[in-house]
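Protein sequence lines, in the order shown, are assigned to chains U and S.
For the first sequence, position 351 matches number 351 in this note's numbering, and the numbering has no gaps at all.
For the second sequence, position 275 matches number 275 in this note's numbering, and the numbering has no gaps at all.
Check each hint, because a few of them may be wrong.
Now the in silico label distances, taken between C-beta atoms and shown as ranges [claimed, not checked]: (1) S/H130 / U/E266: 56 to 62 Å; (2) S/Q176 / U/K396: 47 to 53 Å; (3) S/N421 / U/N279: 54 to 60 Å; (4) U/G241 / S/E400: 23 to 29 Å; (5) U/E141 / S/K329: 42 to 48 Å; (6) S/S95 / U/P358: 41 to 47 Å; (7) S/P423 / U/D275: 27 to 33 Å; (8) S/Q176 / U/D104: 54 to 60 Å.
Over 10 Å on every C-beta distance to chain U, these chain S residues come out as not near it, computed from the model [what the hints assert, rightly or not]: (9) I78; (10) E80; (11) R83; (12) T146; (13) V177; (14) V179; (15) S222; (16) L223; (17) K264; (18) C355; (19) L374; (20) N408; (21) E414; (22) N421; (23) I422.
FYI, nobody ran anything at the bench for these hints, they're computed from the structure.
We put the beta carbon where it would ideally sit given N, CA and C, even for glycine.
2 protein chains.
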Amino acid sequence: MLCQKQQQQFRCIALNASALLLYSHKNKPLPVEHSVLGGFSNDYSLAQQQRRNLYTSKFRMAPTSEENKSKPIGLVAIDETRRFMTDCFLKSKTSPENSKAMADLLAEADYRGHFSHGMNRLEMYINDLHKNSTDGMCQPEILNETPATAWVDGKNGLGAVVGNFCMDIAIKKAKQVGVGVVAAKRSNHYGIAGWYTMRAMKEGLIGLSGTNTSPLMTPSRSLEPALGTNPISFAAPANNGDSFVLDMATTAVAVGKIEIQRRKGEKIPLGWAYDEQGNMTTDANLAFTSGCLAPLGGNELTSGYKGYGLGAMVEILCGILSGSLYSNKVRKWTHVGSDAEADLGQFFIAIDPNCFAPGFTDRQTDMNNILRNLKPVDPSKPVLVAGDPEREHMEKVDKEGGVRYTPNQIKTCEELAKRLNIPPLKFNS
Amino acid sequence: MLCQKQQQQFRCIALNASALLLYSHKNKPLPVEHSVLGGFSNDYSLAQQQRRNLYTSKFRMAPTSEENKSKPIGLVAIDETRRFMTDCFLKSKTSPENSKAMADLLAEADYRGHFSHGMNRLEMYINDLHKNSTDGMCQPEILNETPATAWVDGKNGLGAVVGNFCMDIAIKKAKQVGVGVVAAKRSNHYGIAGWYTMRAMKEGLIGLSGTNTSPLMTPSRSLEPALGTNPISFAAPANNGDSFVLDMATTAVAVGKIEIQRRKGEKIPLGWAYDEQGNMTTDANLAFTSGCLAPLGGNELTSGYKGYGLGAMVEILCGILSGSLYSNKVRKWTHVGSDAEADLGQFFIAIDPNCFAPGFTDRQTDMNNILRNLKPVDPSKPVLVAGDPEREHMEKVDKEGGVRYTPNQIKTCEELAKRLNIPPLKFNS
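Assemble the whole structure, with the sequences as input and the hints as a guide.
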């Protein structure tokens, strides 16, 4: 099993800028819990400097000692997290089925340790529903279909509703003809991309999915952003519950990682972001002001054009294929107060490995073990496989009996409970 | 149109380590022409330092002034390149059809400016055929098939033979049911991955392909390589001959880029490779000795674990899915003298955009134009779309009437002509 330090160092996958949207609605700086999430470094020495106290706590999202003094922290069972969020959606023009879909998605993110994509986003979704910029009641619709493909109109439904609908079609087709490819237009933020690929994986299939997002990535040589963080997820099953679950933005880092450096007055590494003149910068303030994230790979010298190419590939499979908005036509992440629909594009692919060489999961298990048993540079930090840190987090949650939220998150939940007249979040301890 | 400098700066896509194999057979240092290819930097200032004279020549592969003095350079028509290579294969236990397939593949690489993957590799393939480590006569075979998938045994055939066979099946299935997914085992080096995705693109489809290769990429935290440069290509059609063609290794750079820095006694940027102790190094000698390439993204701080994840994804779609060799079971690039078959795995996907939102190529054209017209940091260096540098190179070849090879390459061809008793390479000028 991986130690706490090890899992923490490997868990910045799929932290994209969308969590920031929540706070752009409020037009105020990112709260501490978001900064912690976005700022989680995979380099242990830097991470130590960033937030030493975090590494001594049991949970990644555990509050700082200062926060601990101000308010005792409660442990919330995942079922209760799910119950609370379901109640919130039910009181927000959302059907029971759709409420459950969203609560399941967001609770899973918290369970896996991707707090930026879990309860942290609840208020944003609720606000969008109340101002009718998302339709909580609707069901997506298939516009065109072949034995192996489907084109879907998300009808501005909630992300999980559209996403589950699409991946379930892909799964069904993969089971029938070996592969299913589905593209959806008129969707909304769909949470962790891994939710959908794991949905396929749980059926013994390979899952692949991605979404376009608000423009934040600045293509190589450009002064302005033109693509989103455009995450891609790929999941493959192995034996005995083992698996490979990649879930990553195609930008070098999330905006939140820059924000935490800024708040601490520290520099950012070269390769994360550009200043407003288009130079790669180590100044967190300049990087945050520009809103210009570098693609994976950083500058051209270290092959940032490849990350740019990958982000564009995701954009093509999402926006161009589905007919949704694309590139810099997607609304900006600073769309405070806007009630226009997001019209995001997403793609979902399921492949049945049984149509190929028999013994897929045996080989996947073997490859995972080869990778995990490689001689590490530092014996205390073994080589990991995508999805290992999340597995470790879930084991901890199971052992502890729940998830610890920050005081800020708990306060938001209290306010939501009052506002929506639902039972407040209950704590185990 | 793009200027020469612009196209040169953007053309390090898909330069993987396999060209190095050619020279590992000979157990001697990389020759100049390979170093030039591998060492092509995307950072103009560094590239200028590396090989200033290259930027003043008309072709990327033009020799240094020193080489020019030693031997006049000839221009070779692409048709003659193709004729010469076909003749070489015909004299090397290869059927006429298979000879043509390989010549077409390699000539296309030179035409597009990816000289590392063109004639540069001819001798390696010829040697492999003569020592029977590759079967030049055989045809691949479908082992299992559904309306949308196929599992193929490449039967140790030549890369282009297996690759064309597989992508043609994927194309046929995509036209019938919207998508085709094909995985091949027992294949060999298949040249530029873009050859196969463009094959789909020319049929109006989206193409996606990748291959595993000899272990050179060192996973985050590992002391030893365990994945190949594992390139991935994605091609999508636009209007009037425009397109998007991504073709990239999932490592930060090719081995050749390190080799050229080493030969010049210059440092490499942090993020390209590790030394033997597993530290990211700027010492080109240490990097070359270790043979440990960094994944795209470099170290963990700049998200190298994402490049590692992408390389593993390609490995799963190739080796794990097809049942070929995988991870560090693939033979090393230092397999001098080995006559064991490579047993590489490859995947091929074709998707028919007509099954989704109508007007795909209109939107792709629009997106390409959005990207190309973004305000650039440097007005003399416009933002590019994947495939732009290659298009520019092909226009130059058409205008000039052929390709210029280096003296070393020409010498190799002369030797091959004598050895195989075929008409030597003819020059236009």
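Hint by hint, here is what the structure shows:
For the hinted restraint 56 to 62 Å between S/H130 and U/E266, the CB-CB distance of approximately 60 Å keeps it satisfied. Taking 47 to 53 Å as the suggested C-beta distance range, the pair S/Q176 and U/K396 conforms, at roughly 48 Å. Separation of S/N421 from U/N279 is about 58 Å and conforms to the stated range, judged on CB atoms against 54 to 60 Å. At roughly 59 Å, the beta carbons of U/G241 and S/E400 sit outside the given window of 23 to 29 Å.
A hinted range of 42 to 48 Å holds for the C-beta pair U/E141 and S/K329, which are about 47 Å apart. Separated by about 31 Å at the C-beta atoms, S/S95 and U/P358 break the suggested range of 41 to 47 Å. Between S/P423 and U/D275, the C-beta spacing of about 58 Å breaks the proposed range 27 to 33 Å. A C-beta distance of roughly 36 Å is found between S/Q176 and U/D104, which places it outside the suggested range of 54 to 60 Å.
With a least CB separation of 26 Å from chain U, S/I78 remains clear of the 10 Å interface cut-off, as annotated. No Cβ of chain U comes within 10 Å of the Cβ of S/E80; the nearest lies about 33 Å off, and the non-interface call holds. Its beta-carbon lying about 34 Å from the closest one in chain U, S/R83 satisfies the requirement of being farther than 10 Å from that chain. With a least beta-carbon separation of about 4 Å from chain U, S/T146 fails to lie farther than 10 Å from that chain, contradicting its non-interface assignment.
With 10 Å as the threshold on Cβ separation, the claim that S/V177 sits away from chain U is violated: the shortest Cβ distance comes to roughly 4 Å. Some Cβ of chain U comes within 10 Å of the Cβ of S/V179; the nearest lies about 5 Å off, and the non-interface call is violated. Under the 10 Å C-beta cut-off, the non-interface status given to S/S222 relative to chain U is violated; the minimum distance is some 4 Å. Against the 10 Å criterion, S/L223 falls within the reach of chain U, whose nearest CB is about 4 Å from its own CB.
Once the 10 Å rule is applied to beta carbons, S/K264 is consistent with being away from chain U; the minimum gap is 16 Å. Non-interface call for S/C355 relative to chain U: violated, since the shortest CB-CB distance, roughly 4 Å, does not exceed 10 Å. Distance check on S/L374: its Cβ comes as close as 4 Å (rounded) to a Cβ of chain U, failing to clear the 10 Å threshold; non-interface status is violated. Once the 10 Å rule is applied to beta carbons, S/N408 is consistent with being away from chain U; the minimum gap is 27 Å.
The non-interface label for S/E414 is consistent with chain U: the shortest C-beta to C-beta separation is roughly 36 Å, beyond 10 Å. No Cβ of chain U comes within 10 Å of the Cβ of S/N421; the nearest lies about 42 Å off, and the non-interface call holds. No Cβ of chain U comes within 10 Å of the Cβ of S/I422; the nearest lies about 39 Å off, and the non-interface call holds.
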